[in-house]
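*Asks:* This is what each chain is made of:
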Amino acid sequence: MSSASTAAATRPATEAQPQLVIDNVSKQFGEGPEAVLAVDQVSFNVMPGEFVACIGPSGCGKSTLFNIIGGLLGEYVGNVMIDKERIAGPHPAVGMVFQEESTFPWRNVLDNVCFPLELQKIAKSERQDRAQKFIDIVGLQGFEKRMPSELSGGMKQRVSIARTLVSGPQILLMDEPFAALDEQTRLLLGDKITQIQQDLHQTTLLITHNLTEAVQLSDRIVVMTYRPGRVKRIVDIDLPRPRTSDVVSSAAFGKYVAEIWGDLREEASRGMAESESSTATRGKSARG
Amino acid sequence: MASTDQVNAPRATASRGWITSGRVSERDTNLIRIGILLGVAAVWEAVSRSGWLFRDVVPSLLAIGASIWKLLMNPAFYANLQVTAWEVFASLVIGGALGIFVGILIGANRFLAAAYEPYVYYLAPTPRIIFFPVMIMWFGVGVASKIALGALSCFFTVALSTAGGMRQIDKVLIRVGNSFRATPWQMGTKIYLPAMRVPVLNGIRLGFGTATVTALLAETKLSNQGLGFMIMQIYARFDMPSLYGLLIIVFVIAGLGNLILGKVTGTSD
Ligand SMILES: Nc1ncnc2c1ncn2[C@@H]1O[C@H](COP(=O)(O)OP(=O)(O)O)[C@@H](O)[C@H]1O
Ligand SMILES: [Mg+2]
Chain A
1 MSSASTAAAT
11 RPATEAQPQL
21 VIDNVSKQFG
31 EGPEAVLAVD
41 QVSFNVMPGE
51 FVACIGPSGC
61 GKSTLFNIIG
71 GLLGEYVGNV
81 MIDKERIAGP
91 HPAVGMVFQE
101 ESTFPWRNVL
111 DNVCFPLELQ
121 KIAKSERQDR
131 AQKFIDIVGL
141 QGFEKRMPSE
151 LSGGMKQRVS
161 IARTLVSGPQ
171 ILLMDEPFAA
181 LDEQTRLLLG
191 DKITQIQQDL
201 HQTTLLITHN
211 LTEAVQLSDR
221 IVVMTYRPGR
231 VKRIVDIDLP
241 RPRTSDVVSS
251 AAFGKYVAEI
261 WGDLREEASR
271 GMAESESSTA
281 TRGKSARG
Chain B
1 MASTDQVNAP
11 RATASRGWIT
21 SGRVSERDTN
31 LIRIGILLGV
41 AAVWEAVSRS
51 GWLFRDVVPS
61 LLAIGASIWK
71 LLMNPAFYAN
81 LQVTAWEVFA
91 SLVIGGALGI
101 FVGILIGANR
111 FLAAAYEPYV
121 YYLAPTPRII
131 FFPVMIMWFG
141 VGVASKIALG
151 ALSCFFTVAL
161 STAGGMRQID
171 KVLIRVGNSF
181 RATPWQMGTK
191 IYLPAMRVPV
201 LNGIRLGFGT
211 ATVTALLAET
221 KLSNQGLGFM
231 IMQIYARFDM
241 PSLYGLLIIV
251 FVIAGLGNLI
261 LGKVTGTSD
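Going line by line, the protein sequences match chains A and B.
Note that the working numbering numbers the first sequence so that position 112 is 112, with each residue one more than the last.
Note that the working numbering numbers the second sequence so that position 118 is 118, with each residue one more than the last.
If you are wondering where the hints come from, they were derived from the structure by calculation, not from laboratory data.
In this text, all values refer to a predicted model and were calculated from it rather than measured experimentally.
The calculated lysine-lysine pairs, modelled on PhoX-like cross-linking and capped at a C-alpha distance of 20 Å, are:
1. 133/A <-> 121/A
2. 190/B <-> 171/B
3. 190/B <-> 124/A
4. 190/B <-> 121/A
Looking at chain B on its own, in the form it has when it is part of the complex (with noise of 0.2 Å):
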């Protein structure tokens, strides 16, 4: 596992001199990055071998392997998989609907956006999960209290990327489709949407990200299924390769998710 021949593919680049002026090559990056990914399995596997720590603590990779190998065979893995999906779809299309319309109210009215704004920007770094004692109340232990205070952070992070992103809109695009003449519904969709796809959808992206982390976390909260849910079920046993093969398997998953949604909205960096 340790072959070091493996660790020096990055040296390789680096030779060409650390200080890289202009764009790096995407398959430099990609070198980069497995020999990264290599080191770190390295400095784990000799770790979890030299027995310095508690062993199960850092369990081996065979074993995290095998682990993985199991949870994927496991139905159970497969319905709270769903379970958490569900969820963070729900929050995505229902926090990024809404955030999109009152970022476009925000971002077109300035008397709007001077009454509203500072609410907005209070509350958005504001940690959704103390809400979630609230929602609970509201909605119940289930999967709609998760749903809704995923929405509900999803809402701010698109909000103000969708109102930033319309108040960027160079106005003289605005004059040349009014001097094209064009109709309400051209200006719409021909100018300001186009105009504002990059926000937007950076706003989709990262609302993705903040439902994803609220879900997750409220299950692990308070919940009966999921994959939160399970992370906790798997620590209340200390199953620890079970676990960290739990964790990788979620960090694939919204990492897969995050490019699948860069790709579509064509906004992948």
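Okay, chain A solo, but in the shape it has when bound (with noise of 0.2 Å):
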């Protein structure tokens, strides 16, 4: 996908640097026969400020592209670059939010928000009217005292998100942080990230298998293929901002969801026709 990756290093018509590089990053789990490559040569930039989607079928190397660039797994090939800086461990300019569930269930909405700053040794009044903005922000406002078992799925998400934000990450990086949500919450929460994204000029990477909210939320989409997870195509999303969740329903985001749906379908159908294999033949590579 060189076509795809040149698009992606000229599109900077601005003088702005990108903030995060991603260039040619391949990594493959295992040795020999056993191998899987999950990720192969993928490159794109994500601009300050910018907000790009990072779509592809389930076990396409999103979540491992994720963990590369948090920082989380060490070895790879290619170079991921913030500052001119090669990742290879958890950097203080990205901030991760989980796919799974991940507030800690012993601390309170705002002792969770206020983990990071903890890590910091910032003093306590500080930190809690730091956290208070975020949870603020998110709109938990009056959760402050509740324990995460007493709140809904998108709550608890928008608690991991303000923890993040918190941190004051350059990049914001969400890895499919709606997919466990229903339809209507995930739209009402695209909402607040569109909201956060434009008052806090958020550069966010956002990884998702979900395409309205790819392009509800995003600048740009990378659609990625099924194994081994290359980009297929890039694509802008020139809808206009200030955005809402209404947006789904203008001709121009039908239009968008066609096109990349076409590209999608490709890989999500032989996504499904190899796990369907495999599973037929106990197939060597079932695991993630």
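From these two lone chains plus the hints, build me the complex, please.
*Replies:* Take a look at the structure:
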């Protein structure tokens, strides 16, 4: 997919430097005949303040890419660069929101959000002030003293997002943060995310398999192929901002969805066929 | 004593339906508890007065009450209580600390777990009292052998629940800590420990129970001090009211200990 990577490289018409450079990144799990090439020569950039979605069918290597960028998978081929520095471990500029439910069940909402500030040994009153700001931003004011067990899935995910935002990441990295939520909650949380991104000019890379979500939120969408995960296409989304979830009923939105779905369907059906045949033959690479 | 209106108390709750869905209120449970206690007391007293059984086997509650009072006034009781309490405390500290340490090792290390877990699982349900003769040979007939045996029983309980707690930590929480670049110390104190808090503290609470049982049991077998020894002394005199009195006192103390431990550790149910 060299055409896609050159498109990504030539894209910055402005003078701004990309905040995140993903340059020819590959990752293989295992060795020999059992090896799985999860990510194959992926390249794209994310510009400051930009919202990019990376979309692809399940098993195409999205989480692998997420973990590489987050520095949780030390060994990989190629370069992920932030501030001209190659990522080889968790980088302070990157804030991660995980696919799984990840609030600390023994901490209330406020203390969950305070967590990264606690690690930085920031004084209690200051960290509570800063945490409060982000609790308000994600719309959880009044729930500060609640325990995660008392919250809905959507609220817990908002706690995780606030907890990551409070650490002041230059790049917000989210792996299917809404995967476990129903469609309505997902659309409304999408509004929240759009608003946050616009208010904070938060550079964001969203990993998702949900097409509506990707088009609703993004400035640009990176479409991935099914195993090995390559960049199939990069699509600019020229929908007006500020956006709300109402955008999903517009004609332009439908056009983008239809266009990307054309690419995605091919990959998704490939993925489906492959996983069916691998379950039929008690497949080797059934992990993940 | 056998007043019927008090025994009726639980029935008032029951009339709202025997099958209760959701949470039973604390007040209702307490009423039922008091009711059951009073019921047992009433039956006991009735049997005692009926003269069906040899009088001393089921002494009257009055006699038991008097013997409890006498025991509580007896300095020897406190001396023995102190010995047993020390044995339980030392068992809990030694067995608990070793248990947490080994539990973390087994929980964190798959190879260690594979190698040693079968032994732990086989040994855990073995009655510890069968090791008592060994402990006597190693540590003598005094307090030390009871502490050793108590620590041994406590160890298994705590090690198993710690290993279980370690393994059930949600892996994503560890990734969260790593993504925020927590130091190893911060990972330990802010993620591992709190994530394992409930199973570890539960293990300690259970360990307290097994340590108490083991210490008392060992004292009844071979000793010259402690509450278990006192029970056997009273038994030898066939002083039934004092025997029941002491059993009730031990029961209450153990219950209180469990309650306090539950409150302190925040694991009370
Ligand atoms: N730790 C791992 N060891 C071996 N294979 C893995 C591992 N993590 C992911 N994989 C494999 O890599 C492929 C991509 O996985 P993943 O990145 O989780 O995909 P996605 O997030 O897009 O669903 C899958 O085939 C999965 O089985
Ligand atoms: Mg994934």
